[in-house]
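> Listed below are the residues making up each chain.
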Amino acid sequence: VPGDPNPSVGDGGRLDLEVRENGLVRLVFKTTLDRLAELNRRLAEEAMFRQMFLADPPAILARYGITADPVVFLRPL
Amino acid sequence: MVESSRDPGRPKVVLLAAPRDQFEAGPAAEFVPRNAPTMALYYLAAILRQAGYGVEAIDTAGYRAFMLDPAARVKDALAVGLSANTMTWPATLRAARAIAALPDRPFIILGGLHPTLFDEHVLEVSGADFVVRGEGEVTLPALLESIAGEGRPESWPAAGSGETGRESLMRRAAAIPGVTARVGGGAVRGPDRLPLSPAQLGYMPLPAYDLIPTGFYATIPVEASRGCRFSCGFCSIAGRRGHRAIPFDSVVARLREAVRHRARSTGGVLLFVDDCLTACPDVIRIAEFIAAEFPKAPLAIEARADDLLQPGLVGALAACTVGVVQVGIECGYKDGLRRVGKGVTLETVEEACLRLRDAGLARAVNAAYIMGFPWESAQEALDTVCFALALGRRAGYLTQFAKWAPFPGSRFTDALDLPPGVFDTLNWLMDEEVRARATPRMNPDEWKTVSEVTRLLKVLYSDVKVAG
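From first to last, the protein sequence lines stand for chains G and U. Residue 75 in the numbering used here sits at position 75 of the first sequence, and the numbers go up by one each step. Remember, the numbering used here sits 77 above the position in the second sequence when you count from 1.
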């Protein structure tokens, strides 16, 4: 929206947003849409990569420019 | 399709419900859903039978066969009544045009939500003669009564002084509350008809379940109320802010009749077609009745989160065999719920979902969320996704995400001022311009962002069930 004082994403392909819910999850995206799509593609197609990801999501996410709060992230129920 | 025995002095009426188009396969290919028959057809069929008319009901299951030879199917019929919502309007329009093109055709009467909203337009583009606006239970028999003695349209008087005899008769019909008639090149609209009262709904005959094709649909529909106490901005149902509960004894009679015909369905599911069953003052009694009389009959209902918190309701539902509880949550952030006008809070939603889980109903819960409301950017849409998945992990429900689509009749859609012709095909659902007007802060890149982040979240929440 022209003149929108709060653009959330899409500035030259750069993602800059935060996703959170009740303190359970907090992800900060400082990446690009293409990088995020690449991460999803690998998660879908590479079983070993997916296992590595699920073993330590914050570490993999960080490689793709996504910060995850390691304390509350995937907190056991 | 079964034609009932009838009063020989009364003509035949064909009632037809078209399927929706399958957009992906092209605008003229129909998708015939097998989940539920069209309730309105069977209500109206029962009422017309009671009035002595012969009735042929053609539900979505019979649409294709009908379109192969419409002339044969409407032969000797006084009228064809076609019921449509916005999704089924394109196929309904094709059927109406096919009937209108017949050399010796019956009257064509349109009804349902979409023709009610756009009566003048649908008459103009379809060649139909009348629209029954709003509920048809009283209006349709009154309209048929006014035209029954006049023969088919082509036999109507062709000339009068000034106005033709046909126009005069159409104007007479248009004076009936709830009717719009095509007169000359335009439309004449009679006064509105008030919605049926709860008592009137209770007096209506039981639906003509015997006309539902056997072995086609998964469910048998049953109704305990109409409308909703609220008026959510995205919602297009009729009867917003006007919930009407059918008297308990009448609901019991309907349930017994529906169960008697359960074998017609493939799944034996009793589908409550109510916009909001849980708003009924008697909902706990209804659940207790079902648990006592039909404990094995699977139920499918819609519920509001706040209603589910009334003491005893979740427990009463848990005593039944509940197959589906559809809970419309819509938004996963406080300001969104306020803008929608849902009348619930995130805390209410959470408590209701956890209460359903604790009662052993988690597997039945479909938690429905919507993304792409008019004010939303990717950030707000993802707030909803994240809330949905996080609560889904705790509550164990099935999560459903949908993009908001500007169906006519809602407050949000009215603000877009879309021309009625947009809805004559289903192209509007994929039309970039319509989508840009509906969700102006979400360009294709924003939607792609929502999609990719959601994909990632689904991996992180792989224990949460997500539909589609």
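Treat the hints with care, as some may be off.
Stated by the list, open to error - Each computed EDC-like pair below joins lysine to aspartate or glutamate, with the alpha-carbon atoms no more than 20 angstroms apart:
#1 Lys-542/U x Glu-509/U
#2 Lys-480/U x Glu-45/G
#3 Lys-525/U x Glu-510/U
#4 Lys-373/U x Glu-334/U
#5 Lys-525/U x Asp-16/G
#6 Lys-480/U x Asp-435/U
#7 Lys-525/U x Asp-69/G
#8 Lys-542/U x Asp-435/U
#9 Lys-89/U x Asp-181/U
#10 Lys-535/U x Glu-18/G
#11 Lys-30/G x Glu-18/G
#12 Lys-373/U x Asp-16/G
#13 Lys-542/U x Glu-427/U
#14 Lys-373/U x Asp-34/G
#15 Lys-411/U x Glu-427/U
#16 Lys-30/G x Glu-46/G
#17 Lys-89/U x Glu-214/U
#18 Lys-152/U x Asp-181/U
#19 Lys-535/U x Glu-509/U
#20 Lys-525/U x Glu-18/G
#21 Lys-411/U x Glu-18/G
#22 Lys-535/U x Asp-34/G
#23 Lys-89/U x Asp-269/U
#24 Lys-525/U x Asp-501/U
#25 Lys-30/G x Asp-522/U
#26 Lys-411/U x Asp-383/U
#27 Lys-480/U x Glu-510/U
#28 Lys-152/U x Glu-214/U
#29 Lys-525/U x Asp-56/G
#30 Lys-542/U x Glu-38/G
#31 Lys-411/U x Asp-384/U
#32 Lys-535/U x Asp-69/G
#33 Lys-89/U x Asp-287/U
These are computed hints drawn from the structure, not numbers from a lab. Keep in mind that this is a model prediction, so the values were computed, not measured.
> Each hint needs a verdict: does it hold in this structure or not?
Results for each hint:
1. Lys-542/U x Glu-509/U: 30 angstroms, violated
2. Lys-480/U x Glu-45/G: Outside the cut-off at roughly 27 angstroms; violated.
3. Lys-525/U x Glu-510/U: 17 angstroms, holds
4. Lys-373/U x Glu-334/U: 16 angstroms, holds
5. Lys-525/U x Asp-16/G: 14 angstroms, holds
6. Lys-480/U x Asp-435/U: With Cα atoms ~30 angstroms apart, Lys-480/U and Asp-435/U exceed 20 angstroms; violated.
7. Lys-525/U x Asp-69/G: Answer violated: Lys-525/U to Asp-69/G is near 24 angstroms, above 20 angstroms.
8. Lys-542/U x Asp-435/U: At roughly 18 angstroms apart (the allowed maximum being 20 angstroms), Asp-435/U and Lys-542/U satisfy the hint.
9. Lys-89/U x Asp-181/U: 15 angstroms, holds
10. Lys-535/U x Glu-18/G: Roughly 16 angstroms separates the two Cα atoms, so the pair holds.
11. Lys-30/G x Glu-18/G: 9 angstroms, holds
12. Lys-373/U x Asp-16/G: 52 angstroms, violated
13. Lys-542/U x Glu-427/U: Status holds; Cα separation ~17 angstroms.
14. Lys-373/U x Asp-34/G: 51 angstroms, violated
15. Lys-411/U x Glu-427/U: Cα-Cα ~12 angstroms, so holds.
16. Lys-30/G x Glu-46/G: 24 angstroms, violated
17. Lys-89/U x Glu-214/U: At roughly 17 angstroms apart (the allowed maximum being 20 angstroms), Glu-214/U and Lys-89/U satisfy the hint.
18. Lys-152/U x Asp-181/U: 8 angstroms, holds
19. Lys-535/U x Glu-509/U: Judged against 20 angstroms, a Cα distance of about 27 angstroms means the pair is violated.
20. Lys-525/U x Glu-18/G: This hinted pair holds, its Cα atoms lying about 16 angstroms apart.
21. Lys-411/U x Glu-18/G: Answer holds: Lys-411/U to Glu-18/G is near 17 angstroms, not above 20 angstroms.
22. Lys-535/U x Asp-34/G: 18 angstroms, holds
23. Lys-89/U x Asp-269/U: 27 angstroms, violated
24. Lys-525/U x Asp-501/U: This hinted pair is violated, its Cα atoms lying about 28 angstroms apart.
25. Lys-30/G x Asp-522/U: Given that 20 angstroms is the threshold and the Cα spacing comes to 16 angstroms, the pair holds.
26. Lys-411/U x Asp-383/U: Holds, at about 15 angstroms.
27. Lys-480/U x Glu-510/U: With a Cα-Cα distance of about 15 angstroms, the restraint between Lys-480/U and Glu-510/U holds, given a limit of 20 angstroms.
28. Lys-152/U x Glu-214/U: 24 angstroms, violated
29. Lys-525/U x Asp-56/G: This hinted pair is violated, its Cα atoms lying about 26 angstroms apart.
30. Lys-542/U x Glu-38/G: Violated. Lys-542/U to Glu-38/G sits at ~24 angstroms, over the 20 angstroms cutoff.
31. Lys-411/U x Asp-384/U: Judged against 20 angstroms, a Cα distance of about 19 angstroms means the pair holds.
32. Lys-535/U x Asp-69/G: 17 angstroms, holds
33. Lys-89/U x Asp-287/U: Holds, at about 17 angstroms.
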